[in-house]
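S.K.: In the order they appear, the protein sequences are chains A and B.
Count the first sequence with our numbering and you get residues 1 to 228, in order.
Count the second sequence with our numbering and you get residues 229 to 627, in order.
No more than 25 Å apart at the CA atoms, straight line, and that leaves these computed lysine to any residue pairs for SDA-like: (1) B:246 <-> A:145; (2) B:323 <-> B:489; (3) B:246 <-> B:597; (4) A:88 <-> A:31; (5) B:303 <-> B:434; (6) B:246 <-> A:143; (7) B:378 <-> B:367; (8) B:246 <-> A:100; (9) A:88 <-> B:549; (10) A:88 <-> B:551; (11) B:246 <-> A:146; (12) A:88 <-> B:618; (13) A:88 <-> A:78; (14) B:246 <-> A:140; (15) A:88 <-> A:59; (16) A:88 <-> B:625; (17) A:88 <-> B:619; (18) A:88 <-> B:233; (19) B:378 <-> B:397; (20) B:378 <-> B:353; (21) B:303 <-> B:464; (22) A:88 <-> B:547; (23) B:246 <-> A:103; (24) A:88 <-> B:622; (25) A:88 <-> B:546; (26) A:88 <-> B:617; (27) B:246 <-> A:101; (28) B:311 <-> B:443; (29) B:246 <-> B:610; (30) B:303 <-> B:440; (31) A:88 <-> B:621; (32) B:246 <-> A:144; (33) B:246 <-> A:102; (34) B:246 <-> A:141; (35) B:378 <-> B:405; (36) B:246 <-> A:142; (37) A:88 <-> B:230.
Sample of chain A residues with no beta-carbon within 10 Å of chain B, all distances over it, derived: (38) 123; (39) 124; (40) 140.
Honestly, the hints are just simulated from the structure, not real lab data.
Fair warning: this is a prediction, and the values are worked out from it, not measured in the lab.
Built from N, CA and C at the ideal position, the CB exists for glycine as well.
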Amino acid sequence: MTAPVIEVRDLRKTYGTGDTAVHALRGLDLTVARGDYLAIMGASGSGKSTLLNILGCLDVPTSGRYLLDGIDTVEFGEAQLGILRNRKIGFVFQSFNLIPRTSALANVELPLVYAGVRRAERRARAMAALRLVGLDDRAHHRPNELSGGQQQRVAIARALVTAPAIVLADEPTGNLDTRSSQDVMGILDALNASGRTVVLITHEDDVAAHAHRVVRVVDGHIAQGVPA
Amino acid sequence: MRFTEVLAFAVRGVTANKLRSSLTTLGIMIGVASVILLIAVGNGASQSVQQSIAGLGTNVLTISPQRAQAGSSTKPLTTADAKALADPVEAPAVKSASPVASTSATAAHADVSYSISQFIGTDPAYFSTTNSAVAQGALFTADDLAQGRKVVVIGATVATQLFPSSSPVGQAVLVNNIPFTVVGVLATKGSSGLQDADDTAVAPLSTVQNALTGYGSLSQIVVQATSADTISAAQAQVTTILDGRHKIGFGATADYRVLSQEQLLTARTATTDTFTVLLASVAAISLLVGGIGVTNIMLVTVTERIREIGIRKAVGARRGAILGQFLLEATMLSLFGGLLGVAAGFIGARFTIAGITPVIVPSSVLLAFAVSALIGLFFGSYPASRAARLRPIEALRHE
Numbered sequence: 001m002t003a004p005v006i007e008v009r010d011l012r013k014t015y016g017t018g019d020t021a022v023h024a025l026r027g028l029d030l031t032v033a034r035g036d037y038l039a040i041m042g043a044s045g046s047g048k049s050t051l052l053n054i055l056g057c058l059d060v061p062t063s064g065r066y067l068l069d070g071i072d073t074v075e076f077g078e079a080q081l082g083i084l085r086n087r088k089i090g091f092v093f094q095s096f097n098l099i100p101r102t103s104a105l106a107n108v109e110l111p112l113v114y115a116g117v118r119r120a121e122r123r124a125r126a127m128a129a130l131r132l133v134g135l136d137d138r139a140h141h142r143p144n145e146l147s148g149g150q151q152q153r154v155a156i157a158r159a160l161v162t163a164p165a166i167v168l169a170d171e172p173t174g175n176l177d178t179r180s181s182q183d184v185m186g187i188l189d190a191l192n193a194s195g196r197t198v199v200l201i202t203h204e205d206d207v208a209a210h211a212h213r214v215v216r217v218v219d220g221h222i223a224q225g226v227p228a
Numbered sequence: 229m230r231f232t233e234v235l236a237f238a239v240r241g242v243t244a245n246k247l248r249s250s251l252t253t254l255g256i257m258i259g260v261a262s263v264i265l266l267i268a269v270g271n272g273a274s275q276s277v278q279q280s281i282a283g284l285g286t287n288v289l290t291i292s293p294q295r296a297q298a299g300s301s302t303k304p305l306t307t308a309d310a311k312a313l314a315d316p317v318e319a320p321a322v323k324s325a326s327p328v329a330s331t332s333a334t335a336a337h338a339d340v341s342y343s344i345s346q347f348i349g350t351d352p353a354y355f356s357t358t359n360s361a362v363a364q365g366a367l368f369t370a371d372d373l374a375q376g377r378k379v380v381v382i383g384a385t386v387a388t389q390l391f392p393s394s395s396p397v398g399q400a401v402l403v404n405n406i407p408f409t410v411v412g413v414l415a416t417k418g419s420s421g422l423q424d425a426d427d428t429a430v431a432p433l434s435t436v437q438n439a440l441t442g443y444g445s446l447s448q449i450v451v452q453a454t455s456a457d458t459i460s461a462a463q464a465q466v467t468t469i470l471d472g473r474h475k476i477g478f479g480a481t482a483d484y485r486v487l488s489q490e491q492l493l494t495a496r497t498a499t500t501d502t503f504t505v506l507l508a509s510v511a512a513i514s515l516l517v518g519g520i521g522v523t524n525i526m527l528v529t530v531t532e533r534i535r536e537i538g539i540r541k542a543v544g545a546r547r548g549a550i551l552g553q554f555l556l557e558a559t560m561l562s563l564f565g566g567l568l569g570v571a572a573g574f575i576g577a578r579f580t581i582a583g584i585t586p587v588i589v590p591s592s593v594l595l596a597f598a599v600s601a602l603i604g605l606f607f608g609s610y611p612a613s614r615a616a617r618l619r620p621i622e623a624l625r626h627e
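In isolation and in its complexed conformation, chain A is listed as follows (with noise of 0.2 Å):
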């Protein structure tokens, strides 16, 4: 067995300081093995938002030992933590996140373009993910001609476009009809049956049955593993 993707050891995320400190995370534990499918579920609240935003390099825990696929994030800078979302994570947000005006295809070359691939490859692995996402015959639609479900499927396009050691999804099928919600997370459980590791947020159980392993956060805390 190969290391875990993502260990985390005695995380913790405090935000304030003295009476107003609020404390996201207080000393939480979890290993994610490569090819896993996890679904991390929790009340409004308990961090496991926090948790995700750490886990994606886009914030940074107050205390505790984070491994992303073998690597330290902690001594991280800015700069290095930009590298890290690049290379190793594919993030989906609830909201999508795409950027307005811009063709689908362009937002799903953005990560290769901030990687430094060449125009050629690019164009062709973005194809590539667009198709595999059903969405090639769409490539050049912006945003606002895409339905919700189209522009998360663009999203996960994105995502994946770079290989990355792990997908992240906060909640993908918040904003989405039961219809695109299916259409998603059928997406996300072919990825991981191709053997990309995927982790997720909800809150609804008919989602999170999707994956093969679901953690709760209580209180900052994982307070149960239920393998599947």
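We have chain A already, so just place chain B on it with the hints.
M.R.: Here is chain B on its own, set in the frame of chain A:
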């Protein structure tokens, strides 16, 4: 991450809001165009002054009366002074000294009347001293001067005003109701600064003093040195002779002033330089205002696109890439404005502005254009660095 890609992002950013971008560009364009144009106007004015002074010749001294110190008497310049200056023994460097009495006068022919700004009474040597050539007819002669004949040589402007369709030579004009015969028309000299050098008429001094000004003081004595090299010797001799005649003691302020063309040029150039600096600073202010417009728009743009910046950072954009993108957007706005401004400046310089033909100074074009490019970098750097410093998690939360 290559430059061309950052450039492509910047182009997309600028073209996303075309109206706003073009208004910002307009601000820079007006600034650059006014810098180029106003400097060209100042330069044009100073060139025409220089040309008209150079047209007078480099070996000419102009003596004009000036108020002496309080207490001492002021003697007027007289015809006798002029005669003394032409003495070949006392003043060997002086070729000729023409007394000049000038006044303004109203000339009439048939039912047309015209007010001549400079009606000059002098001697025939004046024409060669001031490089005045005759275009039609002839100049008046020493004999005309001696006899006090009522003859006049008119400038080109006066000729076209009084004789729009016929040849003026041989015709009679009434100057302040005194009949004169036009014997010649001077070749055109153009304007000297804001004054029309062709708006003139020249008659024998004796006639002018008799009919118009009276036999009092002269307005000027125009001295021609034997050559351009003897001008300082001539100036010294003129000063010695006049000091003697006007009894100016050592160290006292003279009641006359001797100016060479060079000194006249320096004085006039200093005036037009001040004028140019004034115009240029007004223009520079408008360029500055344009630059502040760029900052303003870029700040709005950055605020509007915080989420976009967050997305870019989330997928791995480095600080430098964001900084570069927004700096390039600002620079493109101001460079484009600069280019349009240069074009507008060149077009504007083809027209005569306030009677002055603008002459574009190449260095001002280069300067204005370079400044417009730097404005993008300078005024864009604050908004761009604000964009680059944003933390991805906060930028993404921004609504």
